[in-house]
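Asker: Residue numbers (the numbering used here), protein chains in the order written: chain X, 1 to 361; chain P, 362 to 467.
Everything labelled a hint here was simulated from the structure, so no lab data went into it.
Certain hints may be false.
Covered by chain X, according to a simulated footprint, are these stretches of chain P (three or more residues, beta-carbon under 8 Å) [to be verified]:
| no. | segment |
| --- | --- |
| 1 | 406 to 413 |
| 2 | 429 to 437 |
| 3 | 447 to 457 |
Derived CB-CB ranges, DEER-like [as the list claims (entries may be wrong)]:
| no. | chain 1 | residue 1 | chain 2 | residue 2 | range |
| --- | --- | --- | --- | --- | --- |
| 4 | X | Met35 | P | Ala401 | 32 to 42 Å |
| 5 | P | Pro441 | X | Pro80 | 41 to 51 Å |
| 6 | P | Phe456 | X | Pro82 | 33 to 43 Å |
| 7 | X | Asp167 | P | Arg454 | 48 to 58 Å |
| 8 | P | Arg454 | X | Leu166 | 52 to 62 Å |
| 9 | P | Ala457 | X | Asp54 | 40 to 50 Å |
| 10 | X | Ala102 | P | Leu368 | 51 to 61 Å |
| 11 | P | Phe456 | X | Pro80 | 20 to 30 Å |
| 12 | X | Pro82 | P | Pro441 | 43 to 53 Å |
| 13 | P | Glu448 | X | Met35 | 55 to 65 Å |
| 14 | X | Arg219 | P | Phe456 | 46 to 56 Å |
Glycine included, each C-beta is placed from N, C-alpha and C at the ideal position.
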Amino acid sequence: MTDKPDAATPVVDDYLHGLRTELADLPAPELSEIMDDARSHLTELAAELDPGADRAALVARIGTPTAYAAELRAAAGYPPAPSGAAPRSPVLARVAIGALVAGTLLITATLWVRSSLVLVGFFVVAAGLVLVLADGPTIPSVRALPLVRSLVGARPEPGTPLARVLDFVAGLQPAWWVLRAVAAAYLVGRALGSEGGVGTVLLAMVAVPVSVWVGYRSRADRRLLWAVVPLNAVAAVLVLFGAVLLLDPGRGSQSVSSGSSYQPGLSQDGQPIEDIRPFDSYGNALSRVYLFDQTGRLLDTSGSDGCFGSGAGNPALPYPRGTRDYDPRTQGCVVIPPAPLVVAVPTAAPTSAAAPTTAPR
Amino acid sequence: MDTSQLLKGVLDLAVLAVLAEADGYGYEVVRGLRSAGLEAVGDASVYGTLRRLYSAGLLTSYVVPSEEGPHRKYYSLNEPGRARLKETTVQWRSFASTMDGLVGVA
């Protein structure tokens, strides 16, 4: 017995885990006492059996975790296992977590492309949530996943410096609850097509109390935690992007930081205009053209090409300029020269309404 | 005959009796019962009984760090536990002699 290594063997861990799942309906303090006893019990047994004894040997000695739990319940006078608590297939739990992760990634990846895929992401997350919520308040089958267990087990021992840092960070939670509510309000406002900061403020007035309430509740009901984790991830990405844009001296000051409300550059019907291709009324492509608005301001597409953080485009160039695109390889913007374009020139004769505004009155 | 049915009624007394000799952690109690001849007793039953006696206030527990594995939780008989043991022992003696009289001492 003395040559028993300090760490429990995987067989013991596996058995204990099965036992915990079986007894998950018991009050947490009692369950923790039982698991303390069982851990030391199984470690002794594993030491008594041959080193490298497998699960079958353990089961031959004390029965399956289900049998052990039933015997323990009977002897301890606990209520029998709730009938609905038949352990769910781990496949469902895996699908649930997979859907949550995939949906979250999809949402964050498509946020900035203004794609309808964002909605698909929300649906995938919602599906994953339904599966998690169906697992019951203590989410036994989700907690049973090896990945989840190792994450939970990776928490540092109390008293270590790392644990103190984590405690401090945990103390900042309420501030985060407010921050994520604002981020969510911004996101929903954007998804609803509101570009104004007013919409975000109004939504935030609802979202902040809800977020704080959810924060408190999720400490008790761990299912809420799983609902909140994907949303937290989305909010964190939003806040991070917001911070990056705020710190970017070139573009942040004129666009996103000023209320995150207006789209830089040119757009038509919500679609960004990345380049202007001038043609005369005979369908001949024109080059080296400048265009101005009614007040004489130069029309400039350089803000609308999605090349964030690359410095302002060159507003002095005539049209067509070509488009710019982000190159993930070089992490910079590359200029794509204007490709040949065939356009259908409207045949209607110009009316007086289209007359140039500089015409003499 | 399957002795596990008989054991159920007297497991409390058996566990209290083992702990009356010396404090012990769960597996020590299991071994104590086995070495006394109660081979049929299930490990989980002993652990469950310990939890129930503890919840009933008949036992106290304390943790002793172990160098070879997880910390061990020792159970120890307290005053109510001793009183219960005494009382149950009297009941058992009377019951056992009644049964002896009934089945006849072979």
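Asker: Are the hints correct? Go through all of them and say.
Answerer: Hints, one by one, checked against the model:
1. Counting residues of the segment 406 to 413 of chain P whose beta carbon lies closer than 8 Å to any beta carbon of chain X gives 8, which meets the minimum of three for the stated coverage.
2. Only residues whose beta carbon comes within less than 8 Å of a beta carbon in chain X count, and the segment 429 to 437 of chain P has 6; three or more means the coverage holds.
3. Residues of the segment 447 to 457 of chain P with a Cβ under 8 Å from some Cβ of chain X number 0, which does not satisfy the need for three, so the listed coverage is violated.
4. With their beta carbons about 26 Å apart, methionine 35 of chain X and alanine 401 of chain P fall outside the hinted range of 32 to 42 Å.
5. At about 28 Å, the beta-carbon gap between proline 441 of chain P and proline 80 of chain X misses the expected band of 41 to 51 Å.
6. Take phenylalanine 456 of chain P and proline 82 of chain X: their Cβ atoms lie about 36 Å apart, and the range 33 to 43 Å holds.
7. Distance hint check for aspartate 167 of chain X and arginine 454 of chain P: the Cβ-Cβ separation is about 57 Å, which falls inside the suggested range of 48 to 58 Å.
8. For the pair arginine 454 of chain P and leucine 166 of chain X, the supplied restraint of 52 to 62 Å holds, since their beta-carbon distance comes to about 58 Å.
9. A hinted range of 40 to 50 Å for the beta carbons of alanine 457 of chain P and aspartate 54 of chain X is consistent with their spacing of about 43 Å.
10. The hint said 51 to 61 Å for the Cβ distance between alanine 102 of chain X and leucine 368 of chain P, and at roughly 53 Å that hint holds.
11. A hinted range of 20 to 30 Å for the beta carbons of phenylalanine 456 of chain P and proline 80 of chain X is consistent with their spacing of about 29 Å.
12. Between proline 82 of chain X and proline 441 of chain P the Cβ separation comes to about 32 Å, which falls outside the hinted range of 43 to 53 Å.
13. Range check, glutamate 448 of chain P to methionine 35 of chain X: Cβ separation about 32 Å, and the 55 to 65 Å hint is violated.
14. As the Cβ distance of arginine 219 of chain X to phenylalanine 456 of chain P is approximately 51 Å, the hint placing it in 46 to 56 Å holds.
When each numbered hint is compared with the structure, violations occur for hints 3, 4, 5, 12, 13.
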